[in-house]
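There are 2 protein chains.
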Amino acid sequence: MILAENKKKGNDEIMKICPRAEDFSKWYLDVISAADLAEHAPVRGCMIIKPCGYALWEMIQSVLDSMIKDIGVQNAYFPLLIPEEFFKREAEHVEGFSPELAVVTHAGGKKLEEPLVIRPTSETIIYDAFSRWIQSYRDLPMTINQWANVVRWELRPRLFLRTTEFLWQEGHTAHATKEESEAYALMILYKLYERLAEDYLAMPVLTGVKSESEKFAGAFRTYCIEALMQDGKSLQAGTSHDMSDNFSKPFNVMYLNDEGKKTYVYQTSWGVSTRIIGALIMSHSDDKGLVLPPKIAPVQVVITPISKSQDDQVAIKSRELKERLKNFRTNLDSRDLRPGEKYYEWEKKGIPVRIELGPKDLEKNSCVLVRRDTSEKIICSLDEVETRVGDLLKDIQDSLFKKALARREETNQNVEDWDGLEKAVEKGGYVYAFWCGGDKCELKIKEQLKATTRCLPFDQPDEAGEHKCVCCGKKAPGKRWAIAKAY
Amino acid sequence: MILAENKKKGNDEIMKICPRAEDFSKWYLDVISAADLAEHAPVRGCMIIKPCGYALWEMIQSVLDSMIKDIGVQNAYFPLLIPEEFFKREAEHVEGFSPELAVVTHAGGKKLEEPLVIRPTSETIIYDAFSRWIQSYRDLPMTINQWANVVRWELRPRLFLRTTEFLWQEGHTAHATKEESEAYALMILYKLYERLAEDYLAMPVLTGVKSESEKFAGAFRTYCIEALMQDGKSLQAGTSHDMSDNFSKPFNVMYLNDEGKKTYVYQTSWGVSTRIIGALIMSHSDDKGLVLPPKIAPVQVVITPISKSQDDQVAIKSRELKERLKNFRTNLDSRDLRPGEKYYEWEKKGIPVRIELGPKDLEKNSCVLVRRDTSEKIICSLDEVETRVGDLLKDIQDSLFKKALARREETNQNVEDWDGLEKAVEKGGYVYAFWCGGDKCELKIKEQLKATTRCLPFDQPDEAGEHKCVCCGKKAPGKRWAIAKAY
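Top to bottom, those sequences are chains A and B.
Numbering-wise, the working numbering puts 25 at position 44 of the first sequence, and it's gapless, one number per residue.
Numbering-wise, the working numbering puts 95 at position 114 of the second sequence, and it's gapless, one number per residue.
Hints listed in this document are in silico derivations from the structure and should not be mistaken for laboratory results.
Each hint should be verified, as a subset may be incorrect.
Since copy identity is lost for identical chains, a pair holds within one copy or between any two.
Said to hold, decoys possible - Computed cross-link-like contacts, DMTMM-like style, restricted to lysine to aspartate or glutamate with a CA-CA straight-line distance of at most 20 Å:
1. Lys196 / Glu81
2. Lys159 / Asp267
3. Lys408 / Glu322
4. Lys375 / Asp314
5. Lys303 / Asp51
6. Lys214 / Glu367
7. Lys425 / Asp364
8. Lys91 / Glu81
9. Lys425 / Glu66
10. Lys69 / Asp120
11. Lys431 / Glu328
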């Protein structure tokens, strides 16, 4: 079935993108297909990231990798295969990940004495190494990151959002004190993940802490960034875990403190994956296809000469233009195709700015700049094109963020009781409510409303007075949880 | 055992590197350990690439990735897990890789209906995709690369050289004609791999074609670069395969040619792996530790102030110097350690140039540049330091290559009969001999001399007259094979 779906469309066959309003899930897959980002692999739950999709991942990697290095974290590489026994050392960790493990039982033509699991995450194998690498307080903090593939068996796969294999970075650190590990986990959240999401991907995010039931298996506390998609659902786009000493105890990661006493370290781990590409798509794209924020777009500008010739004035000026725009990621599309076909293709692929240049424009010493996000056409003197394109790219970046933020703010709803919650969740967007913190109330929200507590956002006003749980009506702490349906 | 070996040495304990002349294998592992590049993982045959080793891999990646993009190849990502059935389609391929496969039989808590193998190489899964992506001659050539981890079950693991899991890039292309695929495979060999090895890693290589028994399982022809290590053994550092239509037939990769006829494509695949780091180590390093060519060294220059203060003139000038040397990858080592300790550490880590700056140097407005490769000390005016450091780095790069080339040329031996071959192989280095091309003769060399035909080098003179096989004495073609013991 999958193979048939992936058959390449003929050149003449135009791919129609299902409108968002009609079927958001189908729209999402259509946008991916139209922009040629990825496809299902012949192995259940896995995907092939095609060149256009991988170029996007390389952009995200390059931004995030610089940030990671700037804060002094070093990249390394740990094995794909992990002894099964390692997983069993931390009780919550094994419970959380067991159902998702892929297990190697045979290798080199023989049955293995101990099965190996393909890493679903690398805490266990990395902390085993830390137990050898860390001896004294002088070895702390130890801050390591790896870019890697991981496998979590996925029953309901969805391109980028949930795939059996995905790519990610996972940071792992060890610190001398509990205060340090907590501060570090929060620093990652703010300085790396919030910045990546907001400043580069133009995705406004809620930063906050997860509930006990939603945190990482084995963590003491999980912090997250959550972004609102255009259909009113939330998507967890990155997490940073304060592990406390939950892993250092079973893995025996200890240091000699300055008084010569052996002490367990406090740890953090944090990750962002190819899932964030799904978030990016659902944040900005429209019924015409992909929309990319300029800072992260592998191609920012495409020049489309309106001319059949390869060496007339239009062709010559177009090549000149490409040279002049070399400070931006600029493509020149000189293919022998009708201009309309080219426009259509670059639109689907989400290139932020298209430049049209024809004989009539040349007569007026101008060209036409077309914004992908608004379709606005701007006549621009050829003398000013570098500045104008630069300004336009900044403006697009800015306005994509503002638009996404406005959309989120419009859908914000404060509710005080179950009735209000039920209606608000149905409507979509973040619903802010007081919650007693009890498991039963959280489960009721999950089961009856198909929604979850996304996080307790840090950035919210204190509300005076007594507060009642939105579910049970009992007394609740004075901060509101963000509740929503989620990916 | 492994765990114990990896226990971190105390700060006072000085790690002694075994001299090359005493035990080359031990020297190799000692250099890796002293430079903190990698260690054995608790999973048999796997390694942990530590930050210093991974930074080296990132340098190699960055150089090679630019070259790959410059020739118009696009990066993509294909699944780690491959259906077992895919491997069985090409007979030689399955025969070659079966003994090395790691097999996933259980996942998500259940036994899988069809086992999945962890990719040992990705021809099968990528060509399955190509069969969907390629329809007409307009889709050709299709040129794709991926950076990935692969697993080949390894019985005699050795850090970097043979590990069960390793990192690599694998390029895969499809072309309209047999001539094109052959030319492409050779272009990769010369423009990418020979350049990477010689211009960046300062490793002179033989470029040539492999014998039938040494070629890639399933290839029509395998081209390679071979580098000579300091112990006189050869190491295959990169391969480029002309697949002809060997894979396009079982995977049904066809295109409509311009006459509308369905035709099989011709393919290439090519790869360089973390193994090349092993080659780099054994090419240049010495009894004091790692030696790195400047172009590929993650840190090119380290400034070691000779001063206990953090804010005296020496400290101030050292910081100034770092700023002035920002066009190079420069570290400033202001740690509170004795200068000797610092020198020793940077020596082991192979940093090409060390700058010593103390109060006496300052009085003379000079500093001391120390070359890692020759240990030569050069007094340099502080006014000229940028130029002198730049020149020195170029000179080191150059002289490492020349030294390695001279070492190889000195050991070259032409032999004409079995006796000569036997003695020459024992001596080490490349032995050039005529070979009839017969399997029996090749097997005899392998079994009796523990040596192999490394390649038929392209770059050799034609020798006039009749030629006799070095093994059987029968008539042989007029070009000499390079024969050597190998890694």
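If the cutoff is 20 Å on CA atoms, where do Lys431 and Glu328 land: within, between, both or neither? Let me know, please.
neither (35 Å within a copy, 61 Å between copies)
When no copy is specified for Lys425 and Glu66, does a C-alpha distance of 20 Å or less occur within a copy, between copies, both, or neither?
Neither: 36 Å inside a copy, 46 Å across copies.
Within, between, both or neither: how does the pair Lys375, Asp314 come out at a Cα-Cα threshold of 20 Å?
Result: close neither inside a copy nor across copies, 23 Å intra and 40 Å inter.
How would you label the pair Lys303, Asp51 (within, between, both, or neither) given a Cα cut-off of 20 Å?
Result: close only across copies, 17 Å inter versus 32 Å intra.
Checking Lys425 and Asp364: alpha-carbon separation at most 20 Å within a copy, between copies, both or neither?
neither (63 Å within a copy, 74 Å between copies)
Have a look at Lys408 and Glu322 and pick one of within, between, both or neither, based on CA distance no larger than 20 Å.
Answer is neither: 39 Å inside a copy and 66 Å across each miss the 20 Å cutoff.
At most 20 Å between CA atoms: does that hold for Lys159 and Asp267 within a copy, between copies, both, or neither?
neither (45 Å within a copy, 44 Å between copies)
One pair to classify: Lys196 and Glu81, alpha carbons no more than 20 Å apart. Within, between, both, or neither?
The answer is within: 16 Å in one copy meets 20 Å, while 39 Å across copies does not.
At most 20 Å between CA atoms: does that hold for Lys214 and Glu367 within a copy, between copies, both, or neither?
Neither: 39 Å inside a copy, 56 Å across copies.
Within, between, both or neither: Lys91, Glu81 at alpha-carbon 20 Å
For Lys91 and Glu81, only the inter-copy Cα distance (10 Å) is at most 20 Å; the intra-copy one is 24 Å.
Give the relationship of Lys69 and Asp120 under a CA distance limit of 20 Å: within one copy only, between copies only, both, or neither.
neither (27 Å within a copy, 50 Å between copies)
Hint compliance for this structure: hints 2, 3, 4, 6, 7, 9, 10, 11 are broken, all remaining hints hold.
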